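2 protein chains.
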Amino acid sequence: MISVAVNGYGTIGKRVADAILKQPDMRLVGVAKTSPNYEAFIAHRKGIKIYVPQQSIKKFEEAGIPVAGTIEDLVKASDIVVDTTPNGVGAQYKPIYQQFQRNAIFQGGEKAEVADISFSALCNYDEALGKKYIRVVSCNTTALLRTICTINKVTKVEKVRATIVRRAADQKEVKKGPINSLVPDPATVPSHHAKDVNSVIKNLDIVTMAVIAPTTLMHMHFINITLKDKVEKKDVLSVLENTPRIVLISSKYDAEATAELVEVARDLKRERNDIPEVMVFDDSVYVKDNEVMLMYAVHQESIVVPENVDAIRASTRLMSAEDSIRITNESLGILKGYLI
Amino acid sequence: MISVAVNGYGTIGKRVADAILKQPDMRLVGVAKTSPNYEAFIAHRKGIKIYVPQQSIKKFEEAGIPVAGTIEDLVKASDIVVDTTPNGVGAQYKPIYQQFQRNAIFQGGEKAEVADISFSALCNYDEALGKKYIRVVSCNTTALLRTICTINKVTKVEKVRATIVRRAADQKEVKKGPINSLVPDPATVPSHHAKDVNSVIKNLDIVTMAVIAPTTLMHMHFINITLKDKVEKKDVLSVLENTPRIVLISSKYDAEATAELVEVARDLKRERNDIPEVMVFDDSVYVKDNEVMLMYAVHQESIVVPENVDAIRASTRLMSAEDSIRITNESLGILKGYLI
Numbered sequence: 001m002i003s004v005a006v007n008g009y010g011t012i013g014k015r016v017a018d019a020i021l022k023q024p025d026m027r028l029v030g031v032a033k034t035s036p037n038y039e040a041f042i043a044h045r046k047g048i049k050i051y052v053p054q055q056s057i058k059k060f061e062e063a064g065i066p067v068a069g070t071i072e073d074l075v076k077a078s079d080i081v082v083d084t085t086p087n088g089v090g091a092q093y094k095p096i097y098q099q100f101q102r103n104a105i106f107q108g109g110e111k112a113e114v115a116d117i118s119f120s121a122l123c124n125y126d127e128a129l130g131k132k133y134i135r136v137v138s139c140n141t142t143a144l145l146r147t148i149c150t151i152n153k154v155t156k157v158e159k160v161r162a163t164i165v166r167r168a169a170d171q172k173e174v175k176k177g178p179i180n181s182l183v184p185d186p187a188t189v190p191s192h193h194a195k196d197v198n199s200v201i202k203n204l205d206i207v208t209m210a211v212i213a214p215t216t217l218m219h220m221h222f223i224n225i226t227l228k229d230k231v232e233k234k235d236v237l238s239v240l241e242n243t244p245r246i247v248l249i250s251s252k253y254d255a256e257a258t259a260e261l262v263e264v265a266r267d268l269k270r271e272r273n274d275i276p277e278v279m280v281f282d283d284s285v286y287v288k289d290n291e292v293m294l295m296y297a298v299h300q301e302s303i304v305v306p307e308n309v310d311a312i313r314a315s316t317r318l319m320s321a322e323d324s325i326r327i328t329n330e331s332l333g334i335l336k337g338y339l340i
Numbered sequence: 001m002i003s004v005a006v007n008g009y010g011t012i013g014k015r016v017a018d019a020i021l022k023q024p025d026m027r028l029v030g031v032a033k034t035s036p037n038y039e040a041f042i043a044h045r046k047g048i049k050i051y052v053p054q055q056s057i058k059k060f061e062e063a064g065i066p067v068a069g070t071i072e073d074l075v076k077a078s079d080i081v082v083d084t085t086p087n088g089v090g091a092q093y094k095p096i097y098q099q100f101q102r103n104a105i106f107q108g109g110e111k112a113e114v115a116d117i118s119f120s121a122l123c124n125y126d127e128a129l130g131k132k133y134i135r136v137v138s139c140n141t142t143a144l145l146r147t148i149c150t151i152n153k154v155t156k157v158e159k160v161r162a163t164i165v166r167r168a169a170d171q172k173e174v175k176k177g178p179i180n181s182l183v184p185d186p187a188t189v190p191s192h193h194a195k196d197v198n199s200v201i202k203n204l205d206i207v208t209m210a211v212i213a214p215t216t217l218m219h220m221h222f223i224n225i226t227l228k229d230k231v232e233k234k235d236v237l238s239v240l241e242n243t244p245r246i247v248l249i250s251s252k253y254d255a256e257a258t259a260e261l262v263e264v265a266r267d268l269k270r271e272r273n274d275i276p277e278v279m280v281f282d283d284s285v286y287v288k289d290n291e292v293m294l295m296y297a298v299h300q301e302s303i304v305v306p307e308n309v310d311a312i313r314a315s316t317r318l319m320s321a322e323d324s325i326r327i328t329n330e331s332l333g334i335l336k337g338y339l340i
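Sequences listed follow chains A and B, in order. Residue numbering for the first sequence follows UniProt numbering, starting at 1 and increasing by one per position. Residue numbering for the second sequence follows UniProt numbering, starting at 1 and increasing by one per position.
None of these hints come from the bench; they were simulated from the model. Just to be clear, a hint being listed does not mean it is correct.
Unchecked claim - FRET-style restraints, in silico, Cβ to Cβ:
1) Lys228/A / Lys230/B: 40 to 48 Å
2) Lys172/B / Lys228/A: 46 to 54 Å
3) Asn203/A / Glu232/B: 23 to 31 Å
4) Arg326/B / Lys159/A: 40 to 48 Å
5) Lys59/A / Glu263/B: 35 to 43 Å
6) Lys252/B / Gln171/A: 31 to 39 Å
7) Ala112/B / Lys336/A: 35 to 43 Å
8) Lys336/A / Lys172/B: 43 to 51 Å
Said to hold, decoys possible - Straight-line distance between alpha carbons at most 27 Å, and here's what the computed DSS-like set of lysine-lysine pairs gives:
9) Lys234/B / Lys159/A
10) Lys153/B / Lys233/B
11) Lys228/B / Lys288/A
12) Lys228/B / Lys156/A
13) Lys230/B / Lys228/A
14) Lys228/B / Lys159/A
15) Lys233/B / Lys202/A
16) Lys195/A / Lys233/B
17) Lys288/A / Lys156/B
18) Lys252/B / Lys233/A
19) Lys176/A / Lys252/B
20) Lys131/B / Lys233/B
21) Lys175/B / Lys233/A
22) Lys195/A / Lys159/B
23) Lys288/A / Lys159/B
24) Lys156/B / Lys228/A
25) Lys228/A / Lys228/B
26) Lys159/A / Lys159/B
27) Lys230/A / Lys202/B
28) Lys195/A / Lys132/A
29) Lys159/A / Lys233/B
Since this is a predicted model, take the numbers as computed values, not measurements. Ideal placement from N, C-alpha and C gives every residue a C-beta, glycine not left out.
Chain A with its partners taken away, still in its complex shape (with noise of 0.2 Å):
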């Protein structure tokens, strides 16, 4: 049984502390949390443990939630630390986890260097066993790194070109905008998206290009995919159905939309309207010899989870690729195939 520590809870911790609550391997020390908002009432109620910096202590008293103690605290009462710290906060806390000689995972809002190896469970799994500090790529990279190494089984992936439109802010972000503007993020090629899949996988040839809209419920991805040899359709369909952590939706149901996509979710009553897989348009997939073409919706809140948790696994050696990938999708519902 791995203790582990979620330091940081908001839109991505509090998904993590709830996953690893339903790891049979794993046990949730508590959270670290800064400010007393609505997110810290719910973990109090629902009987986790909140650590918090010494200077809020008080603040957190006042509020009537009681304090288990320090962020030192936690870190020295765990066996590894998930970070799920603000974008470059981990880079500042982890002399910490260092300090008490604690395994870390960090986030993809954080620099590939702050970790000895960039993730994804289901490119680069067994790189990343008995690694101390790890750092799951962001939402759009593991989507696009989840992609990249299926259709790679097919036949070999040699070229990728990709355009992300991201969504501007997530659900519960009042403060963020545009509210009426695309905003090309930036307006130079590639966008830092490339680089961070060469983080996994070096020396593919890979040009991203990206652009913020102005929603708040999932990114989409535009792909194109050259490979080593042709290809057939119905191959690459195969491989998209036939494995974790990727669903396709048809187009018959007539759900297209992100916001359909989110309905569905709902209407499926997924904890949160979550949706960890990658969600591919099954109508989407094209393919010109050698050449794929696909498009997929990417739930930012939630499709780093499972990776959260297996970079744990992988960090501890608990277990192997196969097996962590297994508990953590049975564990969470996460599904292959179609969606509905």
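Place chain B on chain A using the hints.
Using the frame of chain A, we list chain B on its own:
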């Protein structure tokens, strides 16, 4: 002096009418309008003659807008009609244009078969000379064609892969969505834009993917062009900089979001903040051997306006492509080079 009728006075029609009023070789006979809304009142105040369907005469007169005649009267009084009626309605009017033996310019919302030729001034003006029915392709296709035909001047374009992020509605449209969703348009590959490009450049290997985003200001394109030969970035930039109807925006101005581009147009005091040029982000131009990638923004309300003016001259054999494009650009203030 060519007498021009504009049938339809919405987003495109009112701009085409204004453009015709500025041409030294054209006379605006009047415009046809079906409902006495604010656009009709403003047209009347500007002294534009308004023609309406027989059954709408009473409605206009009751609203206080004098009626110059029926739509048939308008067609009869003109040498050529620019049909800017809603998508698919142009085909319904074609029999009237035929009955009075008038040439007509249709918009990209009509099927290609409505006309003798689909048209993009920078690509195929000469082929359109003397054609009785010309279809100006849609805003997105116009932008694709301008860009492709321009890059083709550096070295032959062999393959195009593009992602089109469409605005959801024009600013004035209050009944369209989405409010908060990305909507694949369609969720199949290719989108119709590729076929539409092929209506002008036959046999080009082009595949497009398209998605609608909740914004009203501009479209954006993310394009990957494979060329016959290796090229230098400076040669690509040079041809873009020296082609009319394409403008570059420098990254140094920190105006990259479509909302910022429209603000630039407002500050430059452009009429209706129109940007009929393709707006290329100069820093996005990325060259890798024989591949060119770039991003540009497309002002859907105005980009086809100069093409309509040129199509009138091509159809009536008024003058050469070079002369027509020059006079259209000068009269409408359409630029090349850096916008600021």
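The hints, checked one at a time:
Restraint check, Lys228/A to Lys230/B: a C-beta distance of roughly 22 Å breaks the suggested window 40 to 48 Å. Between Lys172/B and Lys228/A the beta carbons are some 50 Å apart, a value that agrees with the proposed interval 46 to 54 Å. The hinted window of 23 to 31 Å between Asn203/A and Glu232/B holds, with their beta carbons roughly 25 Å apart. Between Arg326/B and Lys159/A the CB atoms are about 41 Å apart, so this pair conforms to the stated range of 40 to 48 Å.
A beta carbon spacing of about 41 Å between Lys59/A and Glu263/B agrees with the range 35 to 43 Å that was offered as a hint. About 35 Å separates the C-beta atoms of Lys252/B and Gln171/A, a value consistent with the hinted range of 31 to 39 Å. One distance hint, 35 to 43 Å for the beta-carbon pair Ala112/B and Lys336/A, holds here, with the actual separation near 42 Å. At about 45 Å, the beta-carbon gap between Lys336/A and Lys172/B stays in the expected band of 43 to 51 Å.
For the proposed pair Lys234/B and Lys159/A, the alpha carbon gap of about 24 Å is at most 27 Å, so the pair holds. Taken as a hint, the Lys153/B and Lys233/B pair is honoured in the structure, with Cα atoms around 14 Å apart against an allowance of 27 Å. About 19 Å separates the Cα atoms of Lys228/B and Lys288/A, which keeps this hinted pair within 27 Å; it holds. A C-alpha spacing of about 25 Å is found between Lys228/B and Lys156/A, which places the hinted pair at or below 27 Å, so the restraint holds.
Taking the CA atoms of Lys230/B and Lys228/A, the gap is near 22 Å; set against the 27 Å cutoff, the hint holds. Distance check on the hinted pair: Lys228/B and Lys159/A sit about 18 Å apart at the alpha-carbon level, within 27 Å; holds. At most 27 Å may separate the alpha-carbon atoms for a hinted pair to count; Lys233/B and Lys202/A meet this at roughly 26 Å. Taken as a hint, the Lys195/A and Lys233/B pair is honoured in the structure, with Cα atoms around 21 Å apart against an allowance of 27 Å.
A threshold of 27 Å between alpha carbons decides the hint, and for Lys288/A with Lys156/B the separation of about 21 Å falls inside it, so the pair holds. Pair hint Lys252/B plus Lys233/A does not hold up; C-alpha atoms about 44 Å apart against a cutoff of 27 Å. The hinted pair formed by Lys176/A and Lys252/B meets the criterion: a straight-line CA distance of about 24 Å does not exceed 27 Å. With a C-alpha separation of about 38 Å, the suggested pairing of Lys131/B with Lys233/B is violated against the 27 Å cut-off.
With a CA separation close to 39 Å, the supplied pair Lys175/B and Lys233/A exceeds the 27 Å bound. Distance check on the hinted pair: Lys195/A and Lys159/B sit about 25 Å apart at the alpha-carbon level, within 27 Å; holds. Restraint check for Lys288/A and Lys159/B: satisfied, since their Cα atoms lie roughly 12 Å apart, inside the 27 Å limit. For the hint pairing Lys156/B with Lys228/A, the CA-to-CA distance comes to about 25 Å; that is within 27 Å, so the pair holds.
Taking the CA atoms of Lys228/A and Lys228/B, the gap is about 20 Å. The hint holds against a cut of 27 Å. Taking the CA atoms of Lys159/A and Lys159/B, the gap is about 15 Å. The hint holds against a cut of 27 Å. Only pairs whose Cα atoms come within 27 Å are accepted, and Lys230/A paired with Lys202/B is accepted, the gap being roughly 25 Å. Distance hint between Lys195/A and Lys132/A is fulfilled; the C-alpha atoms sit about 23 Å from each other, no more than 27 Å.
At most 27 Å may separate the alpha-carbon atoms for a hinted pair to count; Lys159/A and Lys233/B meet this at roughly 21 Å.
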